[in-house]
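Residue numbers (this note's numbering): 30 to 159.
Calculated directly from the structure, the hints in this document are not laboratory data.
Since no wrong hints were added, every one of them can be taken at face value.
No farther apart than 27 Å at their CA atoms in a straight line, the calculated lysine-lysine pairs in the DSSO-like style are these:
1. Lys53 x Lys156
2. Lys147 x Lys53
3. Lys131 x Lys147
4. Lys116 x Lys131
5. Lys150 x Lys53
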Amino acid sequence: GGFLIGRYLGRDFAASLIGPRLQKYDEAIGRNGFATVLYLRLIYFPFTPMNFGMGLTRVRFWDYFSGTALGIMVGTFIFTFFVGTIKDVWAGGRWEELLSWKVLISLAMFIFSFFIPKILKMIRREKATA
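Work out the full structure, taking the sequences as your base and the hints as a guide.
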């Protein structure tokens with residue numbers, strides 16, 4: 030919804046406002062749309078502003094769609110696994126299970142998810158210099 034509204038109602042207006050300095054970012058987003066969208070989804074950037082914002086850029090719809098789908102799946106899986114594990118411990122009243130492997134792995138995955146964008150950025154830099 031927000032992407033299409035931004036694209037069809039705001040893109041031309043936004044393009045008229047941006048100067049040459051911001052235009053280079055718009056072009057870069059257009060060239061690297063999938064990676065940009067995936068990165069923003071993985072850092073838990075708020076959805077509504079991102080949807081509208083990406084609609085104002087040159088990102089292709091399929092880059093936006095696929096980056097969003099993959100980013101949401103990764104984040105949803107990790108968050109659901111973590112919260113579900115904690116809920117099971119809480120509901121069962123087995124507080125000693127807070128130190129179980131399942132809880133520790135789910136916590137590690139949740140914490141690791143915050144570093145995924147940084148790791149991807151490092152990998153991209155290494156590829157660019159190689």
